[in-house]
Amino acid sequence: MIKFVGVSKKYKNDIIAVSNINFTIDSGEFVFLVGPSGAGKSTILKLLLREEIPTTGSIFVDKKDITKLKRKEVPYLRRNIGVVFQDFKLLPNKTVYENIAFALQIVEAEPKYIRRRVPMVLSLVGLSDRANSYPQQLSGGEQQRVSIARAIVNEPSILVADEPTGNLDPDTSWEIVKLLSEINKRGTTVIMSTHAKDIVDSMKKRVIALEKGNIVRDEMRGVYGYEA
Amino acid sequence: MRLNTAAYYIREGLTNVRRNRAMTVASITSVTAALLILGLFLIIILNVDSMANQVESQLELKAFINDNYDMSKVTKVGEEIKAISGVKSITFESKKDALNNFKKQLGDKSYLVNGLENDNPMPQSFIVKVTDANMMKQVSEEIKKIDGVTQVSYGQDVVDKLLGIIKIIRIVGLFVILILFIISVVIISNTIKLGVFSRRREINIMKYIGATDWFIRWPFLVEGIVLGLVGSVLAIGILGFIYGYASDLVNNKLIIFTLLPAGVVIRQSLVYFLAIGSLIGALGSGISIKRFLNV
Numbered sequence: 001m002i003k004f005v006g007v008s009k010k011y012k013n014d015i016i017a018v019s020n021i022n023f024t025i026d027s028g029e030f031v032f033l034v035g036p037s038g039a040g041k042s043t044i045l046k047l048l049l050r051e052e053i054p055t056t057g058s059i060f061v062d063k064k065d066i067t068k069l070k071r072k073e074v075p076y077l078r079r080n081i082g083v084v085f086q087d088f089k090l091l092p093n094k095t096v097y098e099n100i101a102f103a104l105q106i107v108e109a110e111p112k113y114i115r116r117r118v119p120m121v122l123s124l125v126g127l128s129d130r131a132n133s134y135p136q137q138l139s140g141g142e143q144q145r146v147s148i149a150r151a152i153v154n155e156p157s158i159l160v161a162d163e164p165t166g167n168l169d170p171d172t173s174w175e176i177v178k179l180l181s182e183i184n185k186r187g188t189t190v191i192m193s194t195h196a197k198d199i200v201d202s203m204k205k206r207v208i209a210l211e212k213g214n215i216v217r218d219e220m221r222g223v224y225g226y227e228a
Numbered sequence: 001m002r003l004n005t006a007a008y009y010i011r012e013g014l015t016n017v018r019r020n021r022a023m024t025v026a027s028i029t030s031v032t033a034a035l036l037i038l039g040l041f042l043i044i045i046l047n048v049d050s051m052a053n054q055v056e057s058q059l060e061l062k063a064f065i066n067d068n069y070d071m072s073k074v075t076k077v078g079e080e081i082k083a084i085s086g087v088k089s090i091t092f093e094s095k096k097d098a099l100n101n102f103k104k105q106l107g108d109k110s111y112l113v114n115g116l117e118n119d120n121p122m123p124q125s126f127i128v129k130v131t132d133a134n135m136m137k138q139v140s141e142e143i144k145k146i147d148g149v150t151q152v153s154y155g156q157d158v159v160d161k162l163l164g165i166i167k168i169i170r171i172v173g174l175f176v177i178l179i180l181f182i183i184s185v186v187i188i189s190n191t192i193k194l195g196v197f198s199r200r201r202e203i204n205i206m207k208y209i210g211a212t213d214w215f216i217r218w219p220f221l222v223e224g225i226v227l228g229l230v231g232s233v234l235a236i237g238i239l240g241f242i243y244g245y246a247s248d249l250v251n252n253k254l255i256i257f258t259l260l261p262a263g264v265v266i267r268q269s270l271v272y273f274l275a276i277g278s279l280i281g282a283l284g285s286g287i288s289i290k291r292f293l294n295v
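Residue numbers (our numbering), protein chains in the order written: chain A, 1 to 228; chain B, 1 to 295.
The reader is advised that the hints may include incorrect statements.
Which residues of chain B face chain A? A few of them, derived with a C-beta cut under 7 Å, are [claimed, not checked]:
| hint | residue |
| --- | --- |
| 1 | L3 |
| 2 | T5 |
| 3 | A6 |
| 4 | I209 |
| 5 | A211 |
Quick caveat, the hints were computed from the structure, so don't treat them as lab data.
Since this is a predicted model, take the numbers as computed values, not measurements.
Here a beta-carbon is modelled for each residue, glycine too, at the ideal position from N, C-alpha and C.
Looking at chain A on its own, in the form it has when it is part of the complex (with noise of 0.2 Å):
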């Protein structure tokens, strides 16, 4: 369960990024965070992940609040969310298999672990075959999928997508969100900020959208937005 109380942050420069935010996620849902470009998408899963900290308000991730959290605490909140960026993030010098089993490493699971659930994520992404491949070999898509592939490796309770299908057409943008529901329907929580319009008008899934730092709207089974 994530649950945002009064949260509002002011960069140094006095930019206000979001201003007195209010929502709650049960865990196993889904959930859209739409808006234009600077409205506070990227804020609001940068505190999350503890990027940022508030100005003021709280953050809870499973009745724990962020917020006060120490810095040596922050590995291990970041550890129960994956993530997932738009420029993939992978490492160009590592395979895909050792993409996957780098953030396994990092969580010193056993490596008899590692052997056995990386080809299990890969299966589950659709990438069993490309396991040698190095991600400039692979598609934007499928370096998208493998880095779905490691942000779930390490089972966490949530999947945070920040603008997942901006590099990608269409069509692989649709695969890709096709995949973060699988996740979900499995139990995980998925947040994803997006642009993409018909994307969320047909999921029919949660959508908040922000505009200028503030909630305009928080709806089950929601839409992009009425004007466009």
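Got chain A; can you put chain B on it based on the hints?
Chain B only, in chain A's frame:
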């Protein structure tokens, strides 16, 4: 820490060492240079120390007797010396004995004094052993007062001079070593910085997927420590080689003092060298990773 995690740190650290070859060479060279200078001062200090000990441990002084005194007068002086408190024993060394002893000291170069037997320039003397090193000065003052004693010499002045030299060497050495230490730390820190910089993307990703600060830090620490250790091992090797050669040379030519054997010196400094080398490395890398960890 799990074994395979430790293996990961070492593997990654060594990869870094290989990756920035030019800077690796620069770092190792600077550590080696710093430790060579350190070793040089250390060797000088150890040797001067041992010289001072050699002199001090003899605990004896020499009272030179007027050349014109005959045996009966000399014996009388001897009695007087014996009566001074703090004197343990006295031995008479005649002019002939003195010359023979000098010859012995010269060893195979004793031919230098051949022909002096008939016009012996060596003085007759009493070698006075003292019960306590601290009594040396006092006893020598007393002996000086006796008629017929021309001069009293003992090792103390030499010891004092040696101790003075050690003091200066220590201060100069410490200063030079400190500067070289700082230079080495800065060079290593720059080397590591290159590694950190070329891996900043990787570090960023590691932070996102929940790596702890120490997980990210260790490979760079390993890199720094490896650089420091390699530098110190090289320094030890070079120093041992040169010193071994030099001490052979000196010990064959110099008669008065012997240099400490190379093995002893190297063994005494080995642990310090390795410790200082890894400290330089760890400090260097510690400084440069710090600010890259904030993501």
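How the hints compare with the structure:
1. L3: Since chain A brings no Cβ nearer than about 10 Å to L3(B), farther than 7 Å, the hint is violated.
2. T5: For T5(B), the interface hint holds, since the closest Cβ of chain A sits about 5 Å away, which is under 7 Å.
3. A6: violated (10 Å)
4. I209: OK, holds: I209(B) within 7 Å of chain A, min 5 Å.
5. A211: holds (4 Å)
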